[in-house]
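Enquirer: The primary structure of each chain is shown beneath.
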Amino acid sequence: MKTGIMKATAWKAHLTRRYMFSASHRLHRDDMSEAENHTTYGKCNNPYGHGHNYMLEVTVSGPVDGQTGMVCDLVDLDNFVRTQVLELYDHQNLNLLPEFASEVPTTENLCIAIYEIVKRGFLNAHLDKIRIEETMMNSFEYVGERGGNL
Amino acid sequence: MVYLTRKAEFSASHYYHNPDFTPEENRRIFGKCNNPNGHGHNYTLEVTVKGAVDPRSGFVVDLKQLKDIMSREVLDALDHRFLTKIPTTENLAIVIWQRLAPKLNAAILHRVRVYETPDLFVDFYGESSEREASKRE
Numbered sequence: 001m002k003t004g005i006m007k008a009t010a011w012k013a014h015l016t017r018r019y020m021f022s023a024s025h026r027l028h029r030d031d032m033s034e035a036e037n038h039t040t041y042g043k044c045n046n047p048y049g050h051g052h053n054y055m056l057e058v059t060v061s062g063p064v065d066g067q068t069g070m071v072c073d074l075v076d077l078d079n080f081v082r083t084q085v086l087e088l089y090d091h092q093n094l095n096l097l098p099e100f101a102s103e104v105p106t107t108e109n110l111c112i113a114i115y116e117i118v119k120r121g122f123l124n125a126h127l128d129k130i131r132i133e134e135t136m137m138n139s140f141e142y143v144g145e146r147g148g149n150l
Numbered sequence: 001m002v003y004l005t006r007k008a009e010f011s012a013s014h015y016y017h018n019p020d021f022t023p024e025e026n027r028r029i030f031g032k033c034n035n036p037n038g039h040g041h042n043y044t045l046e047v048t049v050k051g052a053v054d055p056r057s058g059f060v061v062d063l064k065q066l067k068d069i070m071s072r073e074v075l076d077a078l079d080h081r082f083l084t085k086i087p088t089t090e091n092l093a094i095v096i097w098q099r100l101a102p103k104l105n106a107a108i109l110h111r112v113r114v115y116e117t118p119d120l121f122v123d124f125y126g127e128s129s130e131r132e133a134s135k136r137e
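Residue numbers (our numbering), protein chains in the order written: chain A, 1 to 150; chain Z, 1 to 137.
Extracted from the complex, chain Z is given alone in its bound form:
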């Protein structure tokens, strides 16, 4: 099994707001991220796939194909957009996983890592990691 990671960057703006919360709760829970005019980040996305190395091509996955899928499913959808539905970095990682996982056929999606800033990132390993975690506990 070999793991391969490809990076991409996109920029988007967002603000955190849950309509179920009162304005006071939104301010207390989300702090400055609740500013209704929104704010932006340059996000860095790392997509890690895993698989056996194809004996003929020597590839885990065709990088061109992976790049195209990332461009179409993630960057075209998110770059320079205003994100809604409480777009925390945790939820962004989950949404990106959900967009990519069904489109990959040659390799298996292993991890989605989203950097909101160089000092803050979220890793998501999919639903299966949750199942494995609950088995251990």
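Bound conformation, chain A alone:
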């Protein structure tokens, strides 16, 4: 039964999974004046913060396993993202988390923080990209320091 699909199973595919979490943030730097903060961050600098329903996309890639037909086990990816990312950020104030003690919790920086967590901890497939939709109108992507190919 070595048909075309069996030959194809060494080929590389890219798998993307979407997750949602909600969090609040305020874009503000203590080392900027009030006026500079206001000019730089606009309404995102409102003193009491605001929240978003973030849509997170995790893209991984690798050869499609000949026995399972999979790039990686989706249950493993889901468990990793749930325990290591969603439980960390969901229903949290991002400004109070250690990784944002000295960084502004823009969605750019959130992309980088999540990329580092997945890259370091999820070893079943190659991490291509982290993409976050902050609202339906804007989204951010991070493919690592080397720029990637997607």
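The hints are simulated quantities; they were obtained by calculation from the structure and are not laboratory data. Since we're looking at a predicted model, the values are computed, not measured. A virtual CB, placed ideally from N, CA and C, is assigned to each residue, including glycine. Do not take every clue at face value.
Claimed, not checked - Listed next, the stretches of chain A that the computed footprint assigns to chain Z, with coverage defined by at least 3 CB atoms under 8 Å from CB atoms of chain Z:
#1 15-23
#2 69-75
Unchecked claim - Have a look at the derived ranges for each label pair, beta carbon to beta carbon:
#3 23/Z <-> 102/A: 48 to 56 Å
#4 140/A <-> 32/Z: 27 to 35 Å
#5 78/A <-> 72/Z: 30 to 38 Å
#6 18/A <-> 72/Z: 25 to 33 Å
#7 2/Z <-> 50/A: 37 to 45 Å
#8 9/Z <-> 53/A: 25 to 33 Å
#9 72/Z <-> 87/A: 43 to 51 Å
#10 50/A <-> 23/Z: 46 to 54 Å
#11 62/Z <-> 119/A: 41 to 49 Å
#12 34/A <-> 75/Z: 55 to 63 Å
#13 29/A <-> 37/Z: 54 to 62 Å
#14 146/A <-> 44/Z: 26 to 34 Å
The hints should help you fit chain Z onto chain A, whose structure is shown.
Expert: Structure of chain Z alone, referenced to chain A:
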């Protein structure tokens, strides 16, 4: 070079089972997808082709022709069918690529994207992307 994407939808049922695995292994590896009675999805297919814009027609590809090829090679074959041979979304994307690539003549197939659900999709860029990837590594 301009890229053009056309979407289509099809519905099919499947279950994951590898006859080389024991029943216990099949259950452990494929989880609820190993339920022998199968289950279904409404798949969304996105086919992206690339090419130069024809100076006379202004087209990368004749959309009608692309739609016909997708209907004949993918939808007629897969819609409302029961898929076999470990039809993971990864393998579906590869099979759809293999069906479409030889039939396209005006434009070059760039990417096949298959959504199994709105929260899960697979991209396949063909055999060449694998070669390019191994060159980089």
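Enquirer: Which numbered hints does this structure break?
Expert: none
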